[in-house]
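**Student:** Sequence:
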Amino acid sequence: MQIEDIQKYPADLPVLVEDELFLYPFMITPIFINDSENMKALDLAIKKDSMLFVAPSKFENGRTFDEIYDCGVVGTIMRKVPLPDGRVKILFQGYAKARIIKPISNKPLEATVNLIEEEPLDNTKKEALLDVLKEKIKVLANISHYFSPDLLRTIDEGMDASRICDLVLNIIRIKKQDAYNFFILTSLEEKLLKLIDLIAQEIEANKIQKEIKNKVHSRIDKVNKEYFLKEQLRQIQKELGSDTQKEDEIKDYYKKLESKKKFMHEDAYKEIKKQIEKFDRIHQDNSEASMIQTYIETALDVPFEKVAKKKLDIKEVSKYLNNDHYALNKPKERIEEYFAVRELLEKRAIADKDGAKVILCLYGPPGVGKTSLANSVAKALKRELIRIALGGLEDVNELRGHRRTYIGAMPGRITQGLIEAKQINPVIVLDEIDKLNRSFRGDPSAVLLEILDPEQNSKFRDYYLNFNLDLSKIIFIATANDISNIPAPLRDRMEFIELSSYTPNEKFHIAKKYLIPDELKKHGLKASELNINDETIELIISEYTRESGVRNLRRKVAEICRKSAKKLLLENIKKVNINTKNLGEFLDKKVFEIEKNDGENRIGQVNGLAWTSVGGDVLKVEAIKIKGKGNLTLTGSLGDVMKESAKIAFSVIKVLIDQGKIKIPKKFILDPKVNVYDSYDLHIHVPDGATPKDGPSAGITISTAIASVFSDKKVCADVAMTGEIDLAGNVLPIGGLKEKLIAAYKADIKIALIPKKNYKRDLKDIPDEVKDNMKIIPVESFDEVLKYALVK
2 MQIEDIQKYP
12 ADLPVLVEDE
22 LFLYPFMITP
32 IFINDSENMK
42 ALDLAIKKDS
52 MLFVAPSKFE
62 NGRTFDEIYD
72 CGVVGTIMRK
82 VPLPDGRVKI
92 LFQGYAKARI
102 IKPISNKPLE
112 ATVNLIEEEP
122 LDNTKKEALL
132 DVLKEKIKVL
142 ANISHYFSPD
152 LLRTIDEGMD
162 ASRICDLVLN
172 IIRIKKQDAY
182 NFFILTSLEE
192 KLLKLIDLIA
202 QEIEANKIQK
212 EIKNKVHSRI
222 DKVNKEYFLK
232 EQLRQIQKEL
242 GSDTQKEDEI
252 KDYYKKLESK
262 KKFMHEDAYK
272 EIKKQIEKFD
282 RIHQDNSEAS
292 MIQTYIETAL
302 DVPFEKVAKK
312 KLDIKEVSKY
322 LNNDHYALNK
332 PKERIEEYFA
342 VRELLEKRAI
352 ADKDGAKVIL
362 CLYGPPGVGK
372 TSLANSVAKA
382 LKRELIRIAL
392 GGLEDVNELR
402 GHRRTYIGAM
412 PGRITQGLIE
422 AKQINPVIVL
432 DEIDKLNRSF
442 RGDPSAVLLE
452 ILDPEQNSKF
462 RDYYLNFNLD
472 LSKIIFIATA
482 NDISNIPAPL
492 RDRMEFIELS
502 SYTPNEKFHI
512 AKKYLIPDEL
522 KKHGLKASEL
532 NINDETIELI
542 ISEYTRESGV
552 RNLRRKVAEI
562 CRKSAKKLLL
572 ENIKKVNINT
582 KNLGEFLDKK
592 VFEIEKNDGE
602 NRIGQVNGLA
612 WTSVGGDVLK
622 VEAIKIKGKG
632 NLTLTGSLGD
642 VMKESAKIAF
652 SVIKVLIDQG
662 KIKIPKKFIL
672 DPKVNVYDSY
682 DLHIHVPDGA
692 TPKDGPSAGI
702 TISTAIASVF
712 SDKKVCADVA
722 MTGEIDLAGN
732 VLPIGGLKEK
742 LIAAYKADIK
752 IALIPKKNYK
762 RDLKDIPDEV
772 KDNMKIIPVE
782 SFDEVLKYAL
792 VK
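Taking this note's numbering, the leading residue of the sequence shown gets 2, the next gets one more, and so forth.
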């Protein structure tokens with residue numbers, strides 16, 4: 002009977018989805034139905050008394066047309082049996098392959114399907130290919146378990162090539178996608194050829210598996226023999242009472258595990274217990290035993306039960322921050338606000354602590370007190386402080402831990418930090434987060450996203466431990482020098498607190514109040530044995546250190562203390578007095594921090610203010626003109642941004658010359674018919690050429706130098722400036738204003754020209770010491786800059 006005699010095609014049929022495998026025509030297969038969508042499709046087929054289209058799903062529980070393959074088998078329901086557990090079992094008989102032409106309904110699945118017609122094949126070729134296939138199947142049957150004798154006989158006697166292909170494909174159980182590729186083939190020749198290749202591959206794979214199994218079995222036999230002999234020896238030793246060490250260790254492990262059970266998550270308990278049981282079973286001479294024992298001891302060292310229980314007290318935090326640090330008012334205020342929010346949330350027992358989920362990142366030049374602030378926080382909270390240096394880190398396993406399959410595997414630095422702290426909620430400082438590296442070993446910043454994300458870090462999985470750790474109780478504080486180097490997704494999870502450079506006055510008070518007493522204590526000196534007067538401290542700051550922070554200043558004080566200790570012992574004196582006259586005996590090398598303004602006005606030389614990762618600096622921009630053809634030469638290791646600024650500056654000056662706003666002396670006009678700027682080549686240089694320089698803040702500085710050269714007017718030596726310029730001559734805002742103005746103050750600059758927008762926005766952040774000793778003038782256009790900068 003032909004299938005067309007039962008139903009005409011194309012036909013609209015209910016679609017039943019099979020999760021496990023592809024069905025083939027002329028197969029009678031039991032199908033178990035336990036979901037509502039398939040049940041509805043079955044009921045619809047019974048109601049319409051129609052055939053049923055069974056299609057395989059691409060993945061488990063896929064129940065939409067996008068989630069199933071577009072081909073399957075058309076067949077009839079032979080029997081339907083309800084089962085006690087609520088499922089329904091049907092006996093399905095397939096008749097023919099079919100393909101979905103058009104979906105009709107999603108609830109239940111119903112579609113228009115049409116039969117897949119196979120292209121006819123010449124009998125001679127078909128018989129030849131079929132003989133090859135049967136021969137390959139016999140070879141495979143001899144080395145595998147796929148084919149029973151009855152099945153092999155059926156295949157050997159069969160002549161229907163298409164049916165034999167379907168039977169073989171069903172038996173060897175290939176992947177769904179591969180089965181689909183065979184299923185939709187309409188060329189019988191192509192199907193036979195591909196199946197012959199597939200059987201050949203299976204033969205090779207089974208040969209290799211058989212060879213490996215033989216080797217493994219012989220090795221297992223040897224290992225088992227050794228194991229039983231060693232086990233007998235162990236039992237003999239046990240009877241003699243000479244080998245109880247391992248049993249004692251295992252008992253100790255179980256005892257430790259049970260004491261920590263109520264503090265750890267269930268998956269952690271199960272994993273550690275499983276490894277202890279494995280260690281108990283394995284022989285101590287087995288190479289794996291030491292690895293398992295190391296894991297157990299490491300996992301049991303994680304301080305699940307040890308929580309710093311001191312309640313948050315904002316007054317205590319404020320007290321420690323103020324006692325340990327001079328100045329830094331804004332950073333201290335922001336840290337106090339952070340802990341005030343946490344304290345309030347704890348007092349009011351608010352569960353969703355979004356306000357406490359902020360990750361603080363302290364950024365600024367080296368030596369300004371970033372790690373020191375974190376240390377004060379840890380002391381105030383009575384928690385351990387753990388520093389994790391991220392500089393140059395490029396292996397993600399350093400943070401997440403190595404899988405135990407590797408030799409030398411160890412837990413990640415976060416887990417090691419918790420074990421070292423002996424607390425589950427310490428303060429962890431992620432030092433130099435801006436200096437992470439990315440390599441073939443992975444991207445550590447991706448792991449940090451999980452560690453620092455409050456929504457994820459309650460279930461952080463260490464690959465070595467193989468269970469989740471709750472990092473949400475840890476207070477993370479990151480430090481960085483330059484936040485532009487931090488990957489954007491990581492920046493998004495942090496709140497930044499800027500620590501700017503110290504002024505000389507602030508350095509003086511820090512040295513007097515903190516550094517000198519601290520170094521005296523470290524070097525075993527009494528306050529009465531060493532005296533450094535105020536004038537000498539100021540001299541050390543101005544002429545012996547070059548930095549934004551106070552790290553080098555501390556080193557200089559330490560050097561003085563060492564030499565003073567030696568002097569006290571060798572010369573048998575009671576006190577060492579350090580003053581400006583004898584300071585050279587204790588400190589030999591002078592390092593001038595910033596070159597002081599010499600007060601001499603020059604043509605083409607302008608004081609520019611620059612920001613660097615170690616604070617502000619005063620850079621002199623020099624310009625000269627040489628007879629030529631209007632070319633621009635730039636030197637001084639300038640970056641792309643400064644080169645662009647120079648080109649813009651040159652264009653702006655050309656426009657001002659054309660408009661007559663910059664007057665050119667007659668002696669410079671070589672040819673009345675040629676523009677003066679086309680008669681000269683311009684050379685712009687920023688000294689200290691070995692140091693790379695870049696950044697959008699030198700526009701007005703370069704423009705002023707060029708204007709001075711062409712107008713033959715000197716630039717006021719007491720003026721320094723910062724600001725970018727556009728082609729219309731407008732002065733644009735810049736960053737790092739505080740560091741730049743502090744640098745200008747150190748260089749004895751009297752007048753600073755800054756963009757008007759910065760004046761309105763950032764002037765409140767400038768220390769009073771700087772504002773009181775320097776005139777800060779806002780400028781909006783380049784015309785105003787020339788008015789203040791050029792000497793009339």
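Think of the hints as simulated: they come from the structure by calculation, not from any bench.
Misleading hints may appear alongside valid ones.
[Claimed, not checked] Below, a list of computed lysine-lysine pairs in the DSS-like style, where the Cα atoms sit at most 27 Å apart:
(1) 668 with 788
(2) 527 with 460
(3) 758 with 644
(4) 626 with 644
(5) 380 with 575
(6) 436 with 513
(7) 257 with 216
(8) 568 with 597
(9) 626 with 568
(10) 90 with 137
(11) 257 with 195
(12) 626 with 793
[To be verified] Label pairs and their computed distance ranges (CB to CB):
(13) 218 with 409: 45 to 55 Å
(14) 308 with 172: 33 to 43 Å
(15) 118 with 457: 32 to 42 Å
(16) 636 with 302: 54 to 64 Å
(17) 211 with 149: 16 to 26 Å
Cβ atoms here follow ideal geometry from the backbone N, Cα and C, with glycine treated the same way.
**Student:** If you check each hint against the structure, which ones fail?
**Tutor:** 2, 5, 6, 7, 8, 9, 10, 11, 13, 14 and 15
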